[in-house]
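Build the full structure now, drawing on both the sequences and the hints.
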Amino acid sequence: MNITRRSFIKSLALNSAVVAAATVFPGISFGAWKETDILSGGIQWKKTPCRFCGTGCGLLVGISGDRAVAVKGDPNCTVNKGLCCVKGYHSVQILYGKDRIKKALVRKNDTLVEVPLKEALDLVAEKMKETIKSHGKDAVSIYGSGQWSIPDGYAASKLFKGCIGTNNVEANARLCMASAVTGCLTSFGLDEPMGCYEDIDNADVFVTWGNNMAEMHPVLFSRMLANRKSKTHVKIIDFATRTTRSSQAADKSILFKPQTDLAVANAICYEIIRNKWVNWSFVKKHVSFHKGKTNIGYGTQDHFKFKDKAETVDFKEYKEFLKDYTPEKVEKISGVSAKDIKYMASLYGDPGKKVTSFWTMGMNQHTRGTWINNLVYNIHLLTGKISTPGNSPFSLTGQPSACGTVREVGTLTHKLPHGVVMQEKARKLAAKIWQVPVENIDPKPTYHTVEMFRALDRGDIRFMWIQVTNPMVTMPNLRRYRDGAKKEGRFMVVSEIYPTPTSDVADVVLPSALWIEREGFFGNSERRTQHNEQIVPTPGDTMCNTWQLIEVARRLGFKKQFPWSRKTYIEDIWNEYIQFHDNPKHRMAPYKELKARSGIQWPFVNGMETKWRYNAKYDPACKQKDFHFYGKPDNRAWIWLRPYELPAESPDSEYPFWLNTGRVLEHWHTGSMTRRVPILHKAVPESYVEINSDDADRLGITNGSKVKISSRRGSIVMKASINGRGRPPRGMVFVPFFDESYLINEVTLDAFCPISKQPDYKKCAVKVERA
Amino acid sequence: MMEKPNHKEKQKVGRVFLVFAGICLLAIPFVVLSALNYEPKESKAALVETQSQDFDQNGKSIFENYDRISRDYLKGTSTERTLGEYYSRRQYVGSPPFIPHKVEEADEAQVECLACHARGGWTEELRRNTPLTPHPEQVACRQCHVRMTTDKLFVVNNWMSLPPPRLGRSDLPGAPPPIPHDLQMRGDCIACHVGPGAVTTIRVEHPSRGNCRQCHVPDSYAEPFQRKPNF
Amino acid sequence: MPVFSYLAYPVRGAKEELLNDVSALDHCEVMPAENEEVLILVTDTPDEEKEKALQKNLRKLKSLQSLGMTFGHTDE
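Protein chains in written order, with our numbering: chain A, 1 to 771; chain B, 1 to 231; chain C, 1 to 76.
Keep in mind that a hint or two might mislead.
[As the list claims (entries may be wrong)] With a Cα cut of at most 25 Å, we get these calculated DMTMM-like pairs of lysine to aspartate or glutamate:
no.: 1; chain 1: A; residue 1: Lys235; chain 2: B; residue 2: Asp67
no.: 2; chain 1: A; residue 1: Lys252; chain 2: A; residue 2: Asp340
no.: 3; chain 1: A; residue 1: Lys108; chain 2: A; residue 2: Glu488
no.: 4; chain 1: A; residue 1: Lys229; chain 2: B; residue 2: Asp72
no.: 5; chain 1: A; residue 1: Lys354; chain 2: B; residue 2: Asp72
None of these hints come from the bench; they were simulated from the model.
These numbers were taken from a predicted model, which means no experiment stands behind them.
Shown next as structure tokens:
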């Protein structure tokens, strides 16, 4: 009897006995004795990063035979120290949904039929060749994901940018973290947070800026609660547009009107200056002041272009600029009392308090996302509360590898693994490592995500390969982009694991290996890369995304650039990739170390992780004493003068409500994985619209009754949720987007931050009526 | 002379009766039909309704309690409060337990209960650890919780209820079990699952974690996910 | 490989003793109930001979009052 069958039979034996016992003794319990103690002889535990959010918890997956049967938190992972959330604990169940795509599919006569995988790969390569021949290299594109494993993104970038020579490489992290990236680059010159999760254990004050951390980064939230419990003076302030579980846990919940976070952040700086809480020794040595353009638009038209222009100013001009942002003035537009603004400022300004600010989508999915990122950095720079344990403006990442893959490998139209396509030096480095002629790499970026789907609609792009993401649910103003993808002459290749609205529009569906079915790497919010080996076999014809790209690359004639063997290709790719980052500001850990340890932070210099960047005490890349913001040419961090500007579409008499969208704890993004996990589905089986109870009264809506939400772009009918886990204020409704039978993005607006090009999913105008 | 009115009366009564009987006769098929159509809800032990969103907004109490309660209390491990005893004080899962100890008849009975039951701790008088109430915001305690003043029944009752939810409902070995009970008035996990006053069998081994709902989610009857492509 | 499971009822008051006695036997895994006087026993022997020997050993235990079989599987 092999191990699997034996454990299965023993588990039958055990369960029969338990059932019999419960019949004879109702209410019997076996307390601390877990069934695994009997069966654990058959379970092996292997480490992996979690498949879900940007926290990047370390998991131990329990294997019996060739099946994943259990999950534990990895006690050796400093991120979560053995704790997970409900999604993490049930993550292995995502592998076993009944309708898993295990065979390649090709659309013939308007239906998808099964074909041998080789045939599908041949067809993909053929179509790419054909499209490039008839329409040019910029007619093909790839749209990837912050849930791409690092080698996936690397192979995609090398194939499209290095070999084919097009910059039509984008990823869904554009919709998730782009403003965080441009915020970092404009304020510091280098991407990603300068602190680490240890800040959570050290801070005295936490401020969450428009993110529902209790549901979205639950394990970090728990770590925050543990800190507060152990030290009675610790305060958590929830600064948000609606009341959530995070608000319930906070010491103070402060609600603000959408978009006015810009004004409040400036008002806090005004107060810090007025009360003389500025850390002058820090500011004089390490900060410079700049302003950019204003009235920068919203990007709702095709071909919208914007380029900012930085102008150096001084503290005097900054102080003058802030005169428009007194707490009394800001109270009028934001709904936040001057008293609360002053209170928040006092927490930031108190020299004895270490402050950590957290944010995710509230600040990033924002038509002035880059600006608001700058403004929160401004607060920390004025007070010098940065890059030391506990003092941390911390941009939390949404996806498990938006940092590791999209930002660090550079799978965006303008990026290369090191530097940008516009720099000759960066192109030369890429050409050298990739072994391609430097002329291949196009120095001109093409389209960001929204513009790429517009190009698909217009016909400037004819071929799109989509991997590990579901844009036919997540693109804002969805109808246009779905219709665009379905037009004649558009060839859509989708690498997927389950049937989704995106695979519904595909011409070819490639069956992908999922997570622990392939070796891979993820990089989380705190610059920690984590490795997993292949833990379970790939089912059916499924193939890892990286190898799919390699197979197609070889068919396109690029065997030289994609020479690796099936056995060692992931290791080989890692070794090639880290050459791009070989300097003390970004060095990555070697393969062997990553394989052995539960995650390693970069920069990894002389065998040590750099926990706090820009601080000479912890960062060997610093060439100054004290602090060194080496990302910028003037070796300083930049404070930006960014004003408050209105959102793209505000409520008016015809459409009087704000529409806000987001997630819930139990479901990941579009639900294609989590809805197939029984416990998660049963916890939240259907999407709904949160509506304020006073508004509901006025409109004659009761809990569970049908509501119609309409905007200038589309409408949808959903069930109402009143006084549930999230309570919007009057004049706002909130819809989670995990349920593909309620495509809320048909209602949202494709306006974006002109600097980051990230769309604003949190603000558009709708009307709400009883249906 | 008196006959006539009586006769008329009787006729009137008779007519009323006939009308009433007619209505009853007409109604009987409806009653019978609806009785035939009545399908009793799936009898499973105390699972919450699909998507019970109610009372989720009261989660604040968990966080407040978590902060307030001492580490020592969280670690308490006394074993006197068993699941059997817990259910024996209730008529059905979720009903208010009776008061098992002597109570003074006081003017302001509600306040005195909370003196022990909102704080917990060892009581020398009863030589027990005090169970915490999950709903200290309700202060009219004696409106629901009453004393058993006698053992004798007036008339025997054929009351039966559903069995309590079985333990060990994790989907995977070692995974966090879902919440098998309604959150109404039982949203404060600490009261029953943590500390010396907790029910031994359901006491958690990880009391120092404060964000229970990040791992434990409500169970429900929902049908498994079925895809309906709307292409 | 014979796999069996049982409800094992201890002699009155001897639950701890039974738990120790059975845990000491080869091929036996025990899970005691917290709130009742019963244990669950799962046995997994490599062949018929060892199974017979195990049965003999179980019968010898003084702390064991009775065994109720709840599952049986033999590879024939």
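Hint-by-hint comparison with the structure:
The suggested pairing of Lys235 (chain A) with Asp67 (chain B) holds, with an alpha-carbon distance near 11 Å, which does not exceed 25 Å. Between the alpha carbons of Lys252 (chain A) and Asp340 (chain A) the distance comes to roughly 10 Å, so the proposed pair stays at or under 25 Å and holds. Between Lys108 (chain A) and Glu488 (chain A) the alpha-carbon distance is near 14 Å, which keeps this suggested pair within the 25 Å criterion. At most 25 Å may separate the alpha-carbon atoms for a hinted pair to count; Lys229 (chain A) and Asp72 (chain B) meet this at roughly 13 Å.
At roughly 28 Å between alpha-carbon atoms, Lys354 (chain A) and Asp72 (chain B) are farther apart than 25 Å, so this suggested pair is violated.
Hint check: a violation occurs at hint 5 only; the rest are consistent with the structure.
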